[in-house]
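J.: Sequence:
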Amino acid sequence: MLKLEDLYDIAGWEWEDLFDGVTYPWEVLPKIEAYICRTLQPKNLGQLVGQPFIGVDVQIGAGTIIEHGAVIYGPTIIGENCVIRAGAYIRGWVLIGNQVVVGNSSEIKNAVVMDQTAIAHFNYVGDSILGFRSHLGAGAILSNLKIPVGEIVIQTLEGAFPTGLTKCGAFVGDDCEIGCNSVLNPGSIVGQGSTIYPLTSFRGVVGPQSIVKTKQRQETVIKQQR
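Taking my numbering, I'd label the letters of the sequence shown as residues 369 to 594.
If you are wondering where the hints come from, they were derived from the structure by calculation, not from laboratory data.
Given the structure is predicted, the values throughout are model-derived calculations rather than measurements.
The reader is advised that the hints may include incorrect statements.
Taking CB as the label site, the calculated pair distances span [to be verified]:
#1 Asp374 x Thr407: 17 to 27 Å
#2 Gln523 x Asn449: 31 to 41 Å
#3 Pro566 x Val390: 57 to 67 Å
#4 Pro530 x Pro576: 15 to 25 Å
#5 Asp385 x Val439: 27 to 37 Å
In the SDA-like style, the derived pairs of lysine to any residue whose C-alpha atoms are separated by at most 20 Å in a straight line are [said to hold, decoys possible]:
#6 Lys581 x Thr568
#7 Lys581 x Gly505
#8 Lys535 x Glu519
Ideal Cβ placement from N, Cα and C applies to all residues, glycine included.
Please construct the entire structure, taking both the sequences and the accompanying hints into account.
T.: The structure is reproduced here in structure tokens:
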């Protein structure tokens with residue numbers, strides 16, 4: 369469940385060699401910088417709408433639309449047929465696959481976002497990996513720094529897995545749905561096809577095809593007339 373192959377089906381993906389020699393997903397994070405540096409071919413084959421800011425060390429694939437007000441710092445690779453919407457903030461060391469949506473007021477840094485994923489709006493994705501066809505509802509946060517600051521340790525039923533990292537976000541498998549205003553706390557792992565319900569603060573590891581929800585009792589009462 370913790371291994372990279374359990375979360376992502378990367379066979380044949382354009383950038384699958386990023387994961388060469390990797391057993392656990394958090395081992396990818398320290399490799400992103402060097403990989404992008406040797407792979408990056410700065411160019412813009414996409415379409416600009418208005419005046420976004422695009423750094424010099426950014427690669428943008430054909431068919432991608434970058435809207436007015438987006439800010440993209442490099443080194444960053446963005447694939448084909450993506451939409452980077454107004455107000456998106458990409459801080460660098462980011463690899464975005466094909467047909468990805470990065471929405472309004474969403475921030476990404478040191479992360480891998482695989483094909484057909486939607487980071488819809490008001491999201492934070494730091495030091496994380498999002499699998500194919502995954503979706504973040506509005507306001508979902510992938511937190512990457514614990515309080516107090518210290519090494520992130522993945523806690524499982526089989527024991528603890530130290531990552532050696534003080535910044536380590538979440539690893540969201542293929543075909544996952546993360547509900548609105550949910551928080552995935554540092555070092556969280558979400559198995560393929562699983563759903564995190566809205567307003568859930570999640571920490572730990574959930575297996576594939578699962579649902580995580582916070583039990584909340586909702587009550588409606590009639591206003592008293594004055």
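J.: Now tell me, hint by hint, if it's right for this structure.
T.: Evaluated hints:
1. The hinted range of 17 to 27 Å is satisfied by Asp374 and Thr407, whose Cβ atoms lie roughly 25 Å apart.
2. Range check, Gln523 to Asn449: Cβ separation about 38 Å, and the 31 to 41 Å hint holds.
3. Take Pro566 and Val390: their Cβ atoms lie about 32 Å apart, and the range 57 to 67 Å is violated.
4. One distance hint, 15 to 25 Å for the beta-carbon pair Pro530 and Pro576, holds here, with the actual separation near 24 Å.
5. Range check, Asp385 to Val439: Cβ separation about 29 Å, and the 27 to 37 Å hint holds.
6. Between the alpha carbons of Lys581 and Thr568 the distance comes to roughly 6 Å, so the proposed pair stays at or under 20 Å and holds.
7. A threshold of 20 Å between alpha carbons decides the hint, and for Lys581 with Gly505 the separation of about 14 Å falls inside it, so the pair holds.
8. Taking the CA atoms of Lys535 and Glu519, the gap is about 8 Å. The hint holds against a cut of 20 Å.
Checked against the numbered hints above, the structure breaks only hint 3 and satisfies the rest.
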